[in-house]
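Relying on the hints, combine the two individually framed chains into one complex.
What follows is each chain in one-letter form.
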Amino acid sequence: MDKLPWLGASVKRKEDDRLLRGSGRFLDDVEETLALHLAIGRCPYPHARIRRIDAARALELSGVETVLIGEQVVARTEPITVLRPFPGSAPTVFHGMAHGVARYEGEPVVAVAAVDRYVAEDALELIDVDYEPLPHVITVEDALRPGAPQLHATVPGNVVVESTVRAGEPDKRLADAAVTVDGTFRINRVSGAPIETRGVIARWAEDTSTLELWASTQTPHLLRAQLAHCLRMDETDVRVIAPDVGGAFGLKIGVYPEDIIAALLAIDTRRPVKWIEDRTEFFRGAAHAREAVHALTIGADRDGALLVLRDRYLIDLGAYHGPLGPPLLTSIMLAGPYRLHDAEIHRRVVLTNKVPMGAYRGYGQAESNYVREVLVDRLARRLGQDPADFRRRNLLRPDELPFKNVSGATYDSGDYARGLERALSRVGYETFRTRQKAWRQQGRHVGVGMSCYVEFTGYPSSAFLGRTGARFGAYESVTLRMDRAGRAALSTGVSTFGQGTETTFAQMAASLLGLDPVDVAIHRGDSQGTPYSVGGFASRTMIAGAGAIEKAAGQIRDKMLRIAGHILDVDPAALEATAGMIRRRDDPSVQVSIQRVSEAAFLGHPLPPGEDPGLEATAYFDPPSSAFGYGTVVAQVEVDARSGEFALQRYILVHDCGTQVNPMIVEGQVQGAVAQGIAAALFEELVYDRETGQLVNGTMVDYFMPTAADLPAFELDHLETPSPVTPFGIKGVGEGGTIAAAAAITNAVCDALAPFGVDLDRLPVTAESIWRALAGARAKG
Amino acid sequence: MPVVELTVNERAVRVDVPGQWTLIQLLRDGLGLLGTKEGCGEGSCGACTVLVDGRLTRACLALAVRADGARVTTIEGVGTDAALHPIQDAFVRHGAIQCGFCTPGLVITTKALLDEHPWPTDHDIREFLSGNFCRCAGYNLILNAVRDAAGVVTEKR
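Going down the list, the sequences are from chains V and P.
Heads up, the first sequence is in the numbering used here, so the first residue is 1 and it goes up one at a time.
Heads up, the second sequence is in the numbering used here, so the first residue is 1 and it goes up one at a time.
If you're looking for bench data, these hints aren't it; they were derived computationally from the structure.
Hints may contain errors.
Which stretches of chain V does chain P cover? Using the computed rule of at least three CB atoms under 8 Å from a CB of chain P, they are [claimed, not checked]:
id : stretch
1  : 668-676
2  : 696-707
Every beta carbon over 12 Å from chain V, so not counted as near; a handful from chain P, in silico [stated by the list, open to error]:
id : residue
3  : ALA12
4  : ARG14
5  : GLN20
6  : LEU34
7  : ALA62
8  : GLY69
9  : ILE75
10 : ALA112
11 : TRP119
12 : VAL153
On a predicted model such as this, the values are computed, not experimentally measured, just so you know.
Don't be surprised by glycine CBs; every beta carbon is placed ideally from N, CA and C.
Excised from the complex, chain P in its bound form (with noise of 0.2 Å):
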């Protein structure tokens, strides 16, 4: 069974790996990471987007065995024990959180946005966001709290 090391949210890891296995199989099944979820197996809902080397990735979608040597961020790599990052908090205030399954491929989503654009505009936002589904927030109280994460991650800088 090949063995892929990586690092997962800033902690080196090691992995016995079934040649089938896809990314989330990994964080999931090999690492015990649930915070990752699977909506539709078909790279098409978003839940289960992750980041690999900083770029958005679906981990439904991606071969656990080409995350060789790659650094990846899940929602567990997001906020601390103490604290809730800023694009979490902003969650909340916003009441952009229903059910919550599509939330942590959300969230991660909006960290790579930040990252790639620290003063994103409207479209960016919109076209960021297009790739994760949501069915019960109904978008705009999700695309306020990213508006307002912007200010205030952007800020921090």
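Just chain V, same shape as in the assembly (with noise of 0.2 Å):
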């Protein structure tokens, strides 16, 4: 195949037209006639026995039609399976509904089925739980202290798993680094906070004795595996619908409490049932992310050289495994794009009376490199280099990749020190730094900080995901079929919740069969109907998907090819399909509509002798390896180095996600998660009291998510580097705009105040904790 006419253009979205006439159908808009009304009574403690649910009174209530609780699903239903558990985890068995004891404020106790939701909402009233508020903990550190609360019997001293990674000589290389520094750093629980909440309908189909589930969700299969498995059906007696979804960023993966609970309340009553979650219910029951503690040392020699890393982190999981697991990428990725052959990283997942930790945009990487970079910048200034000629020094080059980091993932391609250069000449690096003199003189304190990531997108083959004990593969899947009208229907598992799959998938779809994006209609999110899939997280979708619509292509071009063939009475291999013909590349006079073709497999004939009719062709993808994409942020901030207030007056990443599909969807994918990585450095946080164990700031009035407002213009700049190892020389590409923010930014005030020797250590970074940093170096002295 020649160059892919739709690769790389700047296709405008399908998705577009209807999304922005309103017409888009999100769960919320799904209709469903006689639907019964889901409303969710939630723990209001944070740990506590429940010692009695009366229901009576609620039963009574008009309009109530039952009463679902705790006790009932845990003997109907097995426990929440964790798809990506980290290796030797002891289970917390997480139920659809708390029994006996709940472990975090918004935990399911009770659920009310009524004709509307507001009577569903009046009987949680009347519903008397009694409950018994036992000690609980909120802090990783408080967990792990001798006589802390036990949240479950199976998870003794709270920890559900300890291990060890270990490289090369990292005792050895310690002691012999000239200079060593390290930190204690506290990263954020923030949420992704998606505009749409979850939601789900579940139904009871009598015809067909089958559960139908509408959910929320970017993996439609996996939730429909985990539901069956949860409800001990089989799977195949389940169909998980995806409509249109409004934001997922991680946090619609899996199987949630609601989807058991709807499901259950749907077999029993044989109405369908619905559950819109509201925004206070969101801040209590969606995965939550990215909190953990880190203590990092980093070490060099007296040149620069880098030589070690040693981390002892604790990630905090909250109450329960969630659906998917805590981030094993925090581990992989701590080394970065630096030249490293040693470092030890142990890591403890600890369990805390909160909501349980989900996956979120960038999951991992973005802890990881928040730790890293700030730690770099200040082994630099131990140094006496300067930030950038550190990372100069130590940055992988081209040459060196492949490169094994010191957890076992191999970078594939690259130049990493282009990125670098690419965004310190945007800023004018040589040049800032001697402005930045003249405006230390004038009391003016302006600094510029970077952060340097390499990124690991898709995964590394379905047998690495099974060897590492995940219950999913990394392939996916698409069926592809000509209609008469010679248009191209694409059938795909994975769902659409912003990501532009149906334009991308098109593009590629109809760059292969010789057709316009236009005329390729896809049917996605519904696992009736669309092959095994896995789904769209983890920057995987478009390699893995490539991959299929390559073969499945291929297969029904091959095909149009010969039935052409046997019309213009032409080789096929003379013949080639673009621009919705059949042609000789040699004479393209001598041609054939694909309309034409496609009809003559669709009525039979005219056919080539033992050709079957149709052109229909399904495909699976393996990935052979993940493809790395990396990148270099610079940020520029002022400080008012009296309060603490300072400005992000610059923004400047500069990536490389390899082949690009579309460069449109592609800026605004890195827009996006550049929009997320700064609102988690700069704003957000979820905030639980010690005392209490409430969430405190459970609202979006109290979280504070950036507006339009708040945000710099950033400064965006694409290299492309193709992958050698995926099809096409695609790397992912939704995450990577989260990674860096934290850090760079970081640096960024850290730079500016070097004059009073400050350091910052947690996110987010707020005036508040800058001048706190401040007063801290003043006393010091």
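Written as structure tokens, this is what we have:
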């Protein structure tokens, strides 16, 4: 195949027209006649024994259909499975509803199905739950103290798993290092906070004896597998359908308790049961993310060659394993883009009485980038080196790739230093350093900070995932079918949640079939009628999906060429599919339309002897390797050294995601991820009160998501190094923008305040945290 | 049950409205206009923004019975079947839409902005849009679309 005509084109998105007109169909727009509405009573305490539930008065309320309590749920279901557990994890038995003990504020304890949500909510008020509050733990440090309250009998000491990754001779290197620095960093608990909350409609289909579940999910097939397991049903007796999904960001992966509750009530009542999460529930029920504490040490020789890294970190899992599990990529990507052979990484996953942790865009990678890049700056300062020079010296060179890092990940391709230089030149780094001195003399504190990353995208094969205990594969799949009009229909189990898959998949299929993307219809997100699919997460869909489309479209194209060859009486090998036609390569006037070829396949004639009717193919593709994106952020800030207030003046990201299928969509993915990266770095934090165990700021008013007035314009630059290990050289791009934000901004603030010797070690970076750090530095003298 | 008479997207309608209903329920459950989205139900996110007598209104907080006699514009009233409104077209061209859940509210807000400020400054734009959360697109692409739409819409006057 020659160059693919639609690969690399900024085709307008197929999704946009319906979304702009308000015709997108999200979960709450799915009409179900005679639906019951679900309201869920949630534990108001961080940790409590449920002694008794009396629902008699609720059941008497007019309009109430039924009440479900934890005892019934536990008796009738299996605990939620973990899709990607940390190897060696102890189980945390997590059911669709608490029974006996509830372990976080917001855990479902009772549910009511009624004629409308008002009646259901009123009924909750009439249910008497007798709670005995139990001692709770809110921080990982408290959870590890001797005598701390224990969350699960299966998890002694509240440590779900403790393990160490070791490479080379870290102890020896630490002893050898001329300079070492260490720091303890606290990473904030945040939420992906999509604008559409979660939601579910469950329906028992009497005619087929199957369960149908509409859900706002990014993984319809994985949700089906987990839900069927929980309900002790065969997977094929469950159908999951994702309509348009209003943002997901990792938070909508897998099964949630509410899916199980709605399904049980639909089975019991034989009526559709609908639940739309309200925003108060959202902050207490949907996965939280990122929270961790790292104690990191790095060392270098006198010349500034990075020698060793040692990290001891704690992941704050919350009260249970959520459906996905804690981030493994923190450890895998801790070494970053540097030439490092010796490391020791010790991690513990710790329980607290908080909402279970889940994935969030850049899962694990934003965390490890923050701690490493901030400490790299301190090391450079200690060595008396410019942080850019230190990085220049230690970044892996293109000729050193592929490179296996200390945790076993193999970086495939890229020019890391080029990304750094491009970003530095954009800010005018050398000039800046001169001007910075002058500004300092005027009492202005302007700083530049940088942060380099390499990013794990996609998964390196299903076999790899299997070896590490994952309950899903690395593949993606499509079914492609030509219709009589010569248009293609592409079916994928991936749902649509903003990532533009409908457009990019259509571009790939159109390119390979000789069509226009307009002529490729996308059917997505329905477990029935789509081949087994893993779903949209881990920046993997485009990589794996492109491989599946290439295979399926190749089969169809070959068959179209055979049929066309028969019609034209030409050797199929002399033909090509392009612009809606099958034609001779050397004489385009000899041609037949794809429409006519498709019609022949549909009618069954004229076909070559022995050729079956139809033009349809299903293909799976399992990527053999991950592809590693990379980039550098340079941020510029000005800080008021009296108050700690600061302005983010410039934000530059140079990144490389390999071949771009649709540059406009890539731009959007990066813009959005950068905004979320900055949001978590500067604004957002889910705060729990240590004494009461309550979430303090669980509303959109109190959880400070940035608005259009709060963010600067981002300066983006794209490099393009096709991956040698993926179809078409594609690397993932959905998450990278989040990764480097927190470190770049932290480093910029510390650079601005270098004369005061300020170190920052917690997120978010706020005027208050800077002011406190300044006060601390002044007190030290 | 109270009866509310109002004009929605230039069409006169009469709706039976339970007293506790909000305007978004009137639109969605009463009239089947599903384009207006509810993201928080507490007036924070802006996804449910509609125009009531030309003023930006959070449909999740406004009581339905208060809309008696009002002229309401929802996303279904922007653009035509044949053609997108220039604001919508600018959103497409600038890649300002991702999941699309916040988009109807943003388009309505932009319409109000341009109705009120035909030549908006950047400050006007940011100020107007600061009541609408978007979680996917990161605002800059939306701001570009709005700046572009302002030029197009203003020129047409």
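12 Å Cβ clearance of LEU34(P) from chain V: Label violated. Min Cβ-Cβ 4 Å, cutoff 12 Å.
Non-interface claim for ALA62(P), where every Cβ of chain V lies beyond 12 Å: Since the minimum Cβ distance to chain V is about 17 Å, ALA62(P) lies beyond 12 Å and the statement holds.
For ALA12(P), which was marked as not at the interface, is the minimum beta-carbon distance to chain V over 12 Å? holds (20 Å)
Against chain V, does GLY69(P) keep a CB gap of more than 12 Å to every residue? holds (24 Å)
Check on ARG14(P) being off the interface with chain V, judged by Cβ distance over 12 Å: holds (22 Å)
If I take the minimum Cβ distance from ILE75(P) to any residue of chain V, is it greater than 12 Å? violated (4 Å)
Status of ALA112(P), Cβ more than 12 Å from any chain V Cβ: holds (14 Å)
Confirm or reject: TRP119(P) is not an interface residue toward chain V, with every Cβ-Cβ distance exceeding 12 Å. Given a closest Cβ separation of 19 Å, the condition holds.
Are all beta-carbon distances from GLN20(P) to chain V longer than 12 Å? Its Cβ does come within 12 Å of chain V, the nearest being 7 Å, so this is violated.
Is the nearest Cβ of chain V still more than 12 Å from the Cβ of VAL153(P)? Since the minimum Cβ distance to chain V is about 16 Å, VAL153(P) lies beyond 12 Å and the statement holds.
State whether the coverage of the stretch 668-676 of chain V by chain P holds or is violated, taking the criterion as 3 or more residues with Cβ-Cβ distances under 8 Å. Coverage by chain P holds for the stretch 668-676 of chain V (7 residues, Cβ < 8 Å).
Confirm or reject the coverage of the stretch 696-707 of chain V by chain P under the rule of 3 or more residues with a beta carbon closer than 8 Å to the chain's beta carbons. holds (count 6)
This entry does not satisfy hints 5, 6, 9, going by the numbered hints stated previously.
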